[in-house]
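Please model the entire structure based on the sequences and the hints provided.
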Amino acid sequence: MSNITDIVEDIAWLSQIWSYRWDFFECAKHEKIDDFFISHQHKKQQDFFYQPISFSIAHTDTEIITKSSEYAPEVLAKATKVYAQPGDDAFEPVVYVTDQKHLRLISTQGDWVEVQGSIHEKARGFSNIYLERSYQSFWLPIDHTNIPKNYHLDFTWQEFETDSDAWTIEQIDLVRQNLEQKDTVKYWRDFYKARNILLAEPPQHTPNGSAYAKFIDDYQLCIKDRALLILSLVNQIRPDFLLNLIVRAKKYPDLGGVTGQNFKGFLPTGETFLFLMGGRDAHQRHEMMNFLFTKSILMQEGWVNLLSALPGEPLMSGVLGFHPEQIPVLLDLQTNPELINS
29 MSNITDIVED IAWLSQIWSY RWDFFECAKH EKIDDFFISH QHKKQQDFFY
79 QPISFSIAHT DTEIITKSSE YAPEVLAKAT KVYAQPGDDA FEPVVYVTDQ
129 KHLRLISTQG DWVEVQGSIH EKARGFSNIY LERSYQSFWL PIDHTNIPKN
179 YHLDFTWQEF ETDSDAWTIE QIDLVRQNLE QKDTVKYWRD FYKARNILLA
229 EPPQHTPNGS AYAKFIDDYQ LCIKDRALLI LSLVNQIRPD FLLNLIVRAK
279 KYPDLGGVTG QNFKGFLPTG ETFLFLMGGR DAHQRHEMMN FLFTKSILMQ
329 EGWVNLLSAL PGEPLMSGVL GFHPEQIPVL LDLQTNPELI NS
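In the working numbering, the protein residues as written are 29 to 370.
Hints listed in this document are in silico derivations from the structure and should not be mistaken for laboratory results.
For every residue, glycine included, the Cβ atom is placed at its ideal position computed from N, Cα and C.
Treat the hints loosely; a few may be bogus.
Lysine-lysine pairs mimicking DSS-like chemistry, simulated, CA-CA at most 30 angstroms apart [stated by the list, open to error]:
id : residue 1 : residue 2
1  : Lys210    : Lys221
2  : Lys95     : Lys109
3  : Lys323    : Lys221
4  : Lys177    : Lys221
5  : Lys242    : Lys221
6  : Lys177    : Lys106
7  : Lys292    : Lys279
8  : Lys129    : Lys177
9  : Lys214    : Lys129
10 : Lys129    : Lys210
11 : Lys150    : Lys221
12 : Lys95     : Lys129
13 : Lys129    : Lys109
14 : Lys106    : Lys129
15 : Lys109    : Lys177
16 : Lys129    : Lys221
17 : Lys95     : Lys106
18 : Lys242    : Lys278
Label-pair ranges, simulated between beta-carbon atoms [unchecked claim]:
id : residue 1 : residue 2 : range
19 : Thr184    : Ser96     : 20 to 30 angstroms
20 : Tyr215    : Ala337    : 11 to 21 angstroms
21 : Lys323    : Ser165    : 52 to 62 angstroms
22 : Leu361    : Ala194    : 51 to 61 angstroms
23 : Ala337    : Lys292    : 16 to 26 angstroms
Structural data, given as structure tokens:
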């Protein structure tokens with residue numbers, strides 16, 4: 029992978045954590061996590077909402093004439109009888125479920141499953157026509173459905189590894205996709221509750237793939253230093269990347285940033301890094317400030333500097349700058365077999 033490709037991937041990661049910090053955590057004021065999810069329904073639902081598996085009928089034993097309403101055309105459909113209780117013909121008149129693919133599992137009992145779906149019951153005044161009714165709960169023999177044996181609503185990956193040997197390929201794919209979706213939803217819910225930007229891990233680069241990747245590997249940069257690195261370099265590749273922060277910073281000074289004399293974009297400051305990594309949490313911001321001055325390899329080795337703030341201005345209002353003599357090396361703009369160590 030090329031040097032510029034690795035850097036662009038890190039810029040995409042920087043964009044991601046900026047979005048998390050600005051939209052996901054801070055500026056959309058949501059007191060409850062569910063409020064956040066509801067307000068972000070325009071995003072991919074699998075990112076925020078868990079959808080149980082929609083199972084389907086696998087075995088039918090009769091045919092019925094169905095109508096979705098009294099005025100709908102008659103349709104001949106394959107169907108199977110449903111039960112009020114396991115094995116109990118308590119529905120009068122007889123009720124059927126057609127060969128549909130939208131059954132939600134409610135519970136299990138031996139070889140029986142309670143599901144929820146649309147049913148068809150005999151229309152009044154007709155002996156052989158059935159009208160569709162909205163979602164109802166009913167029981168079916170499990171082998172009339174594609175619900176796997178031993179499956180239940182709290183099914184885990186561990187159970188999947190031990191119990192799926194006897195399943196069909198379709199059942200295995202259904203449950204695997206659902207478990208993956210459940211993991212994704214759990215990740216985002218935990219991410220929101222923890223409000224920890226460090227959970228958004230950066231891209232993994234091949235150490236020998238580029239000068240940029242080699243630099244990261246040589247210094248074994250942690251996530252915080254990775255964010256500091258790309259934040260201090262992003263204007264070299266994408267001078268418009270932070271441009272929209274100029275307007276926001278006028279209203280939210282904790283975003284930091286200044287504009288240059290010749291450069292008309294947004295120059296990140298120490299405050300910008302604190303906001304990115306710590307948001308508006310005073311404890312997290314202090315922790316990040318302590319990191320910059322005592323733990324950051326980039327700061328200790330002189331790769332990144334925090335320029336002195338103007339008299340009377342906050343310490344972290346100084347501009348973050350990558351070592352100017354090393355920028356061409358890190359961007360692979362000159363022939364150099366090895367990175368120049370400080």
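Which hint numbers does the structure go against, in order from smallest to largest?
4, 5, 11, 16, 18, 19 and 20
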